[in-house]
Structures are given as structure tokens and as C-alpha cells.
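Asker: Okay, here's what each chain looks like letter by letter:
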Amino acid sequence: MEDIDFERRVLPMKNKMFRLAIKILGTREDAEEAVQETLIKIWQKRDNIKENSNLEGYAIIVARNHCLDKLKTSYHKHKAVDIENHEFYLDSRTISPQKDAEFKDAAHLIDLIMKDFPERWRMIVQLRDIEGYTNAEVADILGLEENVVKVTLSRTRKKLREILINKYKYNYNEN
Amino acid sequence: MKIEETSYKDLLDKYYEGETSPAEELQLESLIFQSKAPTPEKDLFDYFESEKQIELGGDFDEKLFAKIKFSQENQKAGEQNFNDFTPKQSTEPNPEKKAVFYRYAYLAAASLVLIFASVLYFSQSNKKEISSVNKTLITQTQTLENPEQQQELAKSQKENDLVKIDDNNLQKSSKNFFNKERGLVITDENLGSQNKIALKKTQEAFALIAASFDEADENLDKLEYINSSSEIINFLNTFNE
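Protein sequences appear in the order of chains A and B.
When we follow the working numbering, the leftmost residue of the first sequence carries the number 1, and every step to the right adds one.
When we follow the working numbering, the leftmost residue of the second sequence carries the number 176, and every step to the right adds one.
In short, the hints are calculated from the structure, not lab data.
Computed from a predicted structure; not experimentally measured.
Check each hint, because a few of them may be wrong.
[What the hints assert, rightly or not] Straight-line distance between alpha carbons at most 25 angstroms, and here's what the computed DMTMM-like set of lysine to aspartate or glutamate pairs gives:
1) B:238 - A:33
2) A:50 - A:5
3) B:244 - A:140
[Unchecked claim] Residues from chain B that keep clear of chain A, each with C-beta distances beyond 12 angstroms, as calculated:
4) 279
5) 281
6) 294
7) 372
8) 382
9) 394
For every residue, glycine included, the Cβ atom is placed at its ideal position computed from N, Cα and C.
Here chain A stands alone, though its shape is the one from the complex (with noise of 0.2 angstroms):
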């Protein structure tokens, strides 16, 4: 890969890593470290990338990568959150008495609820519905099968939905 094509082709990834990085490990700062860590890295081996390789998809996967390895050996490692540990999530239809006073709006409480979401949950909304992959496309970065994206980003959405309901008790008419 030559110089200009890492200007070309895997620059204009900076923001969707930057996206990503924020939400595993959290802040800004940390974030844009990251990005630029996982760019340089990719400058350094852009020797070893072939020319008609998805760097798209290469990117992606090296900024996450990058982050998780940063998250395990630094103090972003609040804790470990596993899809067992947030079943609570689908059966309780409460909100924290905490988060209900942190939040200032709808957009700040799904912000502080995907915050509480599994790593893999995080990743496939954030690379469904906001950077607007397939599921194809979700399950060849994250190395799921697609099924399992499907199943996994359905109970997502489905949570989130329940959560806003709760709260916000929307007087609408879905007929």
C-alpha cells in the first residue's frame, strides 16, 4: 500500500474508529488516542496490506482490537460485563433511581444505557444503526455469525424500546 492510499482510503475512517473507540472505552480523550495508536499502527504495516484488501473492514477491526487490548491493561476496566450479568435488563422495567437523575434527555439516558450494554451490543448498534453497515457486513468485522448479529441487534433495539417507554410513557396510538 503506498503512502497515498492510506491518505485516500483509510484516513476518512478516522471518525467511525474515533465513534467506535468512544464507545468501548468511554471518554474522548482516550478515544482519539486510540484512533491515532490503531493509524499509526496501520501506517507502520501498510507494506503488508495488500491493495485489494477491505480496509474498511481492516480498520474497523484493528481501532476495536486496539481499544479492547487497551481497555484490559489500563483503568478503563471498570468492569466486566457479560450478556448473562445484563439479563436483569429484559426483566426489569425500572430505571436506576441514579441514572433517572443523571440523564437530561432521551438521546442522554440511551447514551447512559449503551454505556451499561455488553461490548457486542454496543458494537453491532453502533455499526448497524449508526454507521450503517449490513448484517453481513457487522458479522465479517465482528466475526459473528449473521444470525447471531440479527438475534443479538433485534434484542437491542427491542430493550432500548422498552426502556424509553417506561419512561417517557409516550401517549401514541401505534394503530
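Starting from the known structure of chain A, arrange chain B on it as the hints suggest.
Answerer: Coordinates of chain B only, in the frame set by chain A:
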């Protein structure tokens, strides 16, 4: 209107099942925002739209390329450092290697000096012992055999030794230790004039002892003669009685 509503509901159901395509989601989004009524989907899509706006600062590229340039320079410096250790430049003395060489050279030189000094010391002390023992034995035998010859020998030794002992010329004296022909010569300065006097007196003492032995032998002979004569006189006296 009915068709639109059906389409909206179907799309929404598909959306919550995770089965919509990105294109269908765009269509759903436009339908959601057509309505003014608040819905959870509206909040959700609002959130997604606000998230899409998050971007890096304008100076990110500048900072990134500065870091890339820095890492490039470091890489070049690393290659240069690597070249410093290639055989191409190894013909010039390496300061570290030079220091190691001198350290071992000093050690080797010190060891050689020590070994040489030890050999010299032991050979000297052995020679000294052998020569002093030889000298004592020879003077003893010579004294007992012939006092006159011993005196002559002592005289000649005195001349030789006095010539050979040179306190101010150690090199000369040390050479004499290795002179096989002059095994009897005392050349060590430790065996100075006092030792020579002691040797001379010892020789004289041996001469006196030898002389006294001679006298004693003579007296014994006389005594035996006297004893035997008195016994004969006594025997003859018995006849007279």
C-alpha cells in the same frame, strides 16, 4: 395513507427483528420524522443521528502526521544504529572492545610479572640453601682432612667471595646464582661480612677440635702403654714373692 401505515408498521416490525436493510432503515427514518408525535423510535433515531455527528478535532491529522514523521525518524535512527554494528565499520576500534582489551592486557602483564618474580624467588632460595649446605660440608671435610689445605681454601674463598659479593650490583650477583661452575660461591648480600666471619670461626673451631682429637689419641695410646707396663710389673712381682 393506509398503504403507508401498513408499510410503516411492517418496516417497524422488521426493524425490531433486526431484519431491515440500511436502505429500508432510511425509508423508516423518513416516515418516523414525518410524524410530529413523540415515539420511542423517534428518540432512537434522534440519538443515532446525533451520534453520527461526533467527529475528531480539526488538528487530528496534523498531530497524527507529526507522530508518523517522528516514528519514521526513530525508525531511520534505529536502522542507522543497527548499521553501526555491521562488520563494515568494525575495522575501527570499538571503544568498549578497546577498554576490555586493555583490562585483560593489564591482567596478563601483571600475571607474567608475578610468575617471573615467583620463579626467580624460589630458584634463588633453593640455590642459597644448596650452596650454603655444600659449603659447610666441604669446609668440614676439608678441615678434618687437612687444616693447612682448609686454610688455603678459606683464603682463596675469601678472595673470590669478596670479589663476587657486590652490594651495589644486584644484577651481577643475581647472574652468579645461575653460574654452575661457581656453585660454592656465596653471592647473596644477606651472607655478608658477618656470615663470612662466622664461617671462618667455625673453620677454626673445627681445626681446634681436630687437633684435640689427635692429642687425645696420643694420650690414650700412652695410657694404654702405662697400664700394660704396670700389669707386667705386677705379674713379675708375683714371681718374686
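Asker: All the hints need checking, so say for each whether the structure fits it.
Answerer: We went through each hint and held it up to the structure:
no. : hint          : in the structure
1   : B:238 - A:33  : holds, 11 angstroms
2   : A:50 - A:5    : holds, 11 angstroms
3   : B:244 - A:140 : violated, 33 angstroms
4   : 279           : holds, 43 angstroms
5   : 281           : holds, 48 angstroms
6   : 294           : holds, 65 angstroms
7   : 372           : holds, 93 angstroms
8   : 382           : holds, 103 angstroms
9   : 394           : holds, 116 angstroms
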